[in-house]
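Build the full structure now, drawing on both the sequences and the hints.
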Amino acid sequence: MSNKEFSLEELAIVADGVLSGDASLRINGFAPLDKAATGDISFLVKAGQVNKLDDFSGSAVIVPMAIETANVPLIRVDDPYLASAKIHTLFLQKTFVAKGIHKHVCLGEDVTVPDQVSIAAFVSIGDRVKLGERVSIESGVVLGDDVCIGSDTTLKANVTIAEGCKIGSHVTIFSGAVIGSDGFGYATDKQGFHTKRPQVGIVQVDDDVEIGANSCVDRAAYGVTHIKSGAKIDNLVQIAHNVVVGENSLIVSQVGIAGSTTLGRNVVLGGQVAVIDHVTLGDGVMAAARSGIHNSQKAGAQLGGAPAIPIKQFVRAATQFGKLPEMGRDIRKLKKEMAKLTAVEEE
Amino acid sequence: MSNKEFSLEELAIVADGVLSGDASLRINGFAPLDKAATGDISFLVKAGQVNKLDDFSGSAVIVPMAIETANVPLIRVDDPYLASAKIHTLFLQKTFVAKGIHKHVCLGEDVTVPDQVSIAAFVSIGDRVKLGERVSIESGVVLGDDVCIGSDTTLKANVTIAEGCKIGSHVTIFSGAVIGSDGFGYATDKQGFHTKRPQVGIVQVDDDVEIGANSCVDRAAYGVTHIKSGAKIDNLVQIAHNVVVGENSLIVSQVGIAGSTTLGRNVVLGGQVAVIDHVTLGDGVMAAARSGIHNSQKAGAQLGGAPAIPIKQFVRAATQFGKLPEMGRDIRKLKKEMAKLTAVEEE
Amino acid sequence: MSNKEFSLEELAIVADGVLSGDASLRINGFAPLDKAATGDISFLVKAGQVNKLDDFSGSAVIVPMAIETANVPLIRVDDPYLASAKIHTLFLQKTFVAKGIHKHVCLGEDVTVPDQVSIAAFVSIGDRVKLGERVSIESGVVLGDDVCIGSDTTLKANVTIAEGCKIGSHVTIFSGAVIGSDGFGYATDKQGFHTKRPQVGIVQVDDDVEIGANSCVDRAAYGVTHIKSGAKIDNLVQIAHNVVVGENSLIVSQVGIAGSTTLGRNVVLGGQVAVIDHVTLGDGVMAAARSGIHNSQKAGAQLGGAPAIPIKQFVRAATQFGKLPEMGRDIRKLKKEMAKLTAVEEE
Chain Y
1 MSNKEFSLEE
11 LAIVADGVLS
21 GDASLRINGF
31 APLDKAATGD
41 ISFLVKAGQV
51 NKLDDFSGSA
61 VIVPMAIETA
71 NVPLIRVDDP
81 YLASAKIHTL
91 FLQKTFVAKG
101 IHKHVCLGED
111 VTVPDQVSIA
121 AFVSIGDRVK
131 LGERVSIESG
141 VVLGDDVCIG
151 SDTTLKANVT
161 IAEGCKIGSH
171 VTIFSGAVIG
181 SDGFGYATDK
191 QGFHTKRPQV
201 GIVQVDDDVE
211 IGANSCVDRA
221 AYGVTHIKSG
231 AKIDNLVQIA
241 HNVVVGENSL
251 IVSQVGIAGS
261 TTLGRNVVLG
271 GQVAVIDHVT
281 LGDGVMAAAR
291 SGIHNSQKAG
301 AQLGGAPAIP
311 IKQFVRAATQ
321 FGKLPEMGRD
331 IRKLKKEMAK
341 LTAVEEE
Chain G
1 MSNKEFSLEE
11 LAIVADGVLS
21 GDASLRINGF
31 APLDKAATGD
41 ISFLVKAGQV
51 NKLDDFSGSA
61 VIVPMAIETA
71 NVPLIRVDDP
81 YLASAKIHTL
91 FLQKTFVAKG
101 IHKHVCLGED
111 VTVPDQVSIA
121 AFVSIGDRVK
131 LGERVSIESG
141 VVLGDDVCIG
151 SDTTLKANVT
161 IAEGCKIGSH
171 VTIFSGAVIG
181 SDGFGYATDK
191 QGFHTKRPQV
201 GIVQVDDDVE
211 IGANSCVDRA
221 AYGVTHIKSG
231 AKIDNLVQIA
241 HNVVVGENSL
251 IVSQVGIAGS
261 TTLGRNVVLG
271 GQVAVIDHVT
281 LGDGVMAAAR
291 SGIHNSQKAG
301 AQLGGAPAIP
311 IKQFVRAATQ
321 FGKLPEMGRD
331 IRKLKKEMAK
341 LTAVEEE
Chain E
1 MSNKEFSLEE
11 LAIVADGVLS
21 GDASLRINGF
31 APLDKAATGD
41 ISFLVKAGQV
51 NKLDDFSGSA
61 VIVPMAIETA
71 NVPLIRVDDP
81 YLASAKIHTL
91 FLQKTFVAKG
101 IHKHVCLGED
111 VTVPDQVSIA
121 AFVSIGDRVK
131 LGERVSIESG
141 VVLGDDVCIG
151 SDTTLKANVT
161 IAEGCKIGSH
171 VTIFSGAVIG
181 SDGFGYATDK
191 QGFHTKRPQV
201 GIVQVDDDVE
211 IGANSCVDRA
221 AYGVTHIKSG
231 AKIDNLVQIA
241 HNVVVGENSL
251 IVSQVGIAGS
261 TTLGRNVVLG
271 GQVAVIDHVT
281 LGDGVMAAAR
291 SGIHNSQKAG
301 AQLGGAPAIP
311 IKQFVRAATQ
321 FGKLPEMGRD
331 IRKLKKEMAK
341 LTAVEEE
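These protein sequence lines are chains Y, G and E, in that order. Everything in the first sequence is counted per our numbering, starting at 1 for the first residue and increasing by one. Everything in the second sequence is counted per our numbering, starting at 1 for the first residue and increasing by one. Everything in the third sequence is counted per our numbering, starting at 1 for the first residue and increasing by one.
Any given hint could be a false lead.
For identical chains, the list gives no copy identity; a pair is met inside one copy or between any two copies.
[Unchecked claim] Listed below are the simulated DSS-like cross-link pairs for lysine-lysine, each with C-alpha atoms no more than 30 Å apart in a straight line: (1) Lys130 x Lys94; (2) Lys52 x Lys298; (3) Lys4 x Lys35; (4) Lys4 x Lys94; (5) Lys312 x Lys46.
These are calculated hints, taken from the structure and not from any lab test.
Have a look at this one:
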């Protein structure tokens with residue numbers, strides 16, 4: 001139960017769904033199917049599991065369009081997973097309450113801080129930083145000089161955003177993430193000593209991006225490392241200098257993307273994937289967990305393995321991998337038999 | 001040398017060992033074999049290396065049961081590695097000295113803080129947080145609202161524990177670890193835009209757990225992400241939402257465990273292992289470093305490779321892997337010879 | 001454009017190059033080829049791309065020795081990549097301006113802090129810490145008791161250096177890195193409970209080292225985990241207890257090096273490489289991204305794959321990997337044909 005209440009009709013509109021039942025029914029909470037109580041709406045993803053509604057204790061259910069009627073009021077939708085996310089978010093939405101600037105905040109010179117912000121204790125904000133409306137900054141965050149943060153953005157505890165980086169609106173950056181650390185670039189002399197190549201670019205994070213806990217996005221050598229709008233990045237991900245992550249891409253935990261590589265829109269990289277430097281992944285490329293991508297890929301390519309190959313080919317090859325010792329034995333035996341036969345032939 | 005002193009007999013009891021030598025001998029320190037001085041006890045793991053005792057300069061040695069006597073007093077045990085850990089720990093144990101709450105700590109409302117705690121400067125503690133006795137919190141730690149910390153737990157510098165998470169007793173969390181970041185869950189519409197699925201659960205960490213530096217444990221979507229008692233987690237590990245890590249499991253550095261996966265007791269995952277979402281690993285499953293586990297596994301399974309297969313099979317197949325080009329050549333040659341022979345046959 | 005100015009002759013000396021053009025030409029900035037304006041020097045790495053100089057708008061270019069003359073003044077060098085790094089660095093160099101110790105810094109007892117330092121707000125410094133001249137410490141850094149920091153070293157925001165660790169001069173440690181967390185060592189009893197093996201050593205970081213954001217270097221069980229001079233470590237890298245990283249080694253992002261392993265000089269480990277514990281990699285060993293190294297390696301070895309094999313062998317085998325299903329079919333067919341032939345022979 002939340003402290004909000006909507007009619008079933010209002011929720012059907014949010015869910016872009018078809019109502020089956022009392023449109024005026026009052027709903028005041030969202031809960032999973034097995035935990036819902038009176039007043040709660042819940043959801044069912046698979047039409048084949050319609051019997052799960054039999055002992056349902058809540059008040060309404062979001063279901064796939066294929067379920068036409070049941071013993072409870074329904075909102076029928078194309079995608080219950082998506083519709084339930086929208087409705088649950090609706091119940092959780094809170095009006096921003098500005099807590100202001102805690103007395104133990106270190107503010108640089110010439111900063112722009114609107115009235116409607118919440119900045120917790122022990123936050124350090126550099127010179128000429130600009131914060132948008134309704135920005136929320138938790139304790140331990142450090143913003144370097146000339147950082148810009150858009151409106152409605154949340155920086156969780158202990159995030160670091162280094163000098164000059166630009167963060168959009170409606171962005172969430174989770175604890176321990178580091179935006180704007182130096183790219184890893186050195187020139188090595190004949191004696192093996194490394195001279196650092198200056199990293200003088202920035203990181204630009206566009207609107208509606210999420211960046212997970214302890215992930216790192218390096219600043220560009222020149223120009224911009226760019227995380228485009230709607231991209232979602234999980235925990236412990238490494239994004240190197242001058243990488244471009246396209247709109248709405250999904251980057252799962254522990255992925256590493258090497259320098260100057262460009263990802264198109266809606267690219268999906270599974271956990272621990274590695275992408276080499278200076279390649280381009282087209283729109284919608286999908287790579288299975290642990291893939292190692294060594295080449296540019298056309299839009300829509302589906303990959304697996306390291307070096308990555310088409311996923312179907314990878315799955316077949318991987319299945320065969322365990323049989324390698326047996327294959328080796330077969331080949332040795334065939335060679336012997338062949339030698340014998342050939343000798344006979346030559347007699 | 002430490003500032004503690006025990007008789008050899010007292011130490012033999014702690015080590016669960018058999019004394020060989022003067023029971024009243026005073027021991028006041030613990031050191032490796034090659035660095036021990038008078039008063040120190042040391043340890044030898046392998047009975048076959050007994051000659052290492054010849055030029056030993058300390059006062060006593062913990063040895064395997066197979067060594068019955070030597071030119072120094074001995075404590076003979078089944079497992080010198082374990083016994084020495086216990087005795088070394090004994091020498092290092094300190095009485096907790098409460099330093100109290102530093103003046104530069106930000107305390108929320110309605111917090112429960114016993115007298116016997118040490119809270120360093122620049123720690124931020126949310127509303128309704130409960131701390132147990134003898135909790136030690138280093139600088140830069142941030143505890144969200146409604147966090148509970150059990151007694152005798154240590155939070156190293158710059159740890160973040162987000163709102164609502166429950167940490168047990170005798171737990172150590174190392175620097176930069178993030179407990180309770182949001183799980184990575186989105187529902188995607190037909191246009192490719194992602195709607196965040198709310199992550200409203202918590203993380204529960206039971207007693208005697210260690211979590212390494214910069215590791216991340218995500219809060220559950222609903223319910224609990226659960227690290228059970230005695231589990232030890234190394235650095236830079238990713239534990240996703242709704243994962244259960246069983247009692248006394250060992251999770252080595254850079255492992256990633258995807259959402260809703262359950263590990264039994266005493267599971268051991270080597271470095272950089274990946275486990276897919278929604279699978280169950282039975283008690284005592286062991287996976288070699290870099291394994292990629294795609295299926296549920298029975299208790300006691302020993303795995304290697306990605307996709308993971310039984311370790312013995314993996315080792316044999318991996319050995320063969322480098323011979324693939326040669327195998328390919330052999331097959332091509334065999335096919336030619338076969339074609340020739342078959343032609344002959346058919347003549 | 002920077003606020004510095006050099007003659008082309010002065011820059012040629014820094015670059016160790018040969019001048020072609022007006023030695024007295026004034027240069028006041030460094031920019032990439034396509035962004036250079038009057039007064040800027042730029043660089044070209046490949047002699048074959050000399051036509052890129054045709055529409056160059058800057059004042060001089062660093063080029064490979066093979067380009068003897070062009071329509072702009074040149075500095076001709078053996079390695080334009082290296083020379084340009086040196087000259088760019090020259091333009092960026094700033095005199096250290098000591099900002100002193102911010103009033104919101106927590107200083108322990110008996111600390112040694114020279115006048116010429118910059119210590120930002122919310123930094124916590126333990127007892128008996130020694131800082132060198134011109135040390136720069138950003139906000140949120142925590143230094144444990146007895147830490148030593150050499151001169152001209154920079155600790156970026158939210159770095160943690162635990163008690164007793166020694167950091168050299170001209171070192172940069174990026175945000176969120178953790179130096180001196182406990183090594184991951186336990187002894188397990190017959191019931192499966194783990195007793196922690198005390199980790200009482202330290203981390204020693206020598207001069208001219210860089211350590212990337214959110215990387216972890218564990219303290220030694222006994223003795224020293226040692227990062228030798230000139231080594232460069234990228235983000236999210238795990239260095240376990242008692243590891244030695246040799247001089248000028250390059251460790252790319254997300255690498256994991258297990259306990260007590262020793263790397264020689266100028267070892268290069270690509271992204272996500274794993275190295276097993278207790279092995280030695282000779283000078284100049286190179287491992288491709290994602291290699292899994294299970295054995296000691298001779299100086300100069302070049303590796304790929306997991307388990308790692310010589311890189312050339314790995315590349316050939318990996319190419320063949322996708323053909324495994326086809327190879328399996330070929331073998332089955334050959335076996336059938338052979339059975340038929342052998343039956344004929346035996347008739």
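Evaluation of the provided hints:
1. Lys130 x Lys94: both (24 Å within a copy, 25 Å between copies)
2. Lys52 x Lys298: Answer is between: at 29 Å across copies they meet the 30 Å cutoff, but 42 Å inside does not.
3. Lys4 x Lys35: Answer is within; shortest intra-copy Cα gap is 18 Å, inter-copy 55 Å.
4. Lys4 x Lys94: within (10 Å within a copy, 52 Å between copies)
5. Lys312 x Lys46: within (26 Å within a copy, 40 Å between copies)
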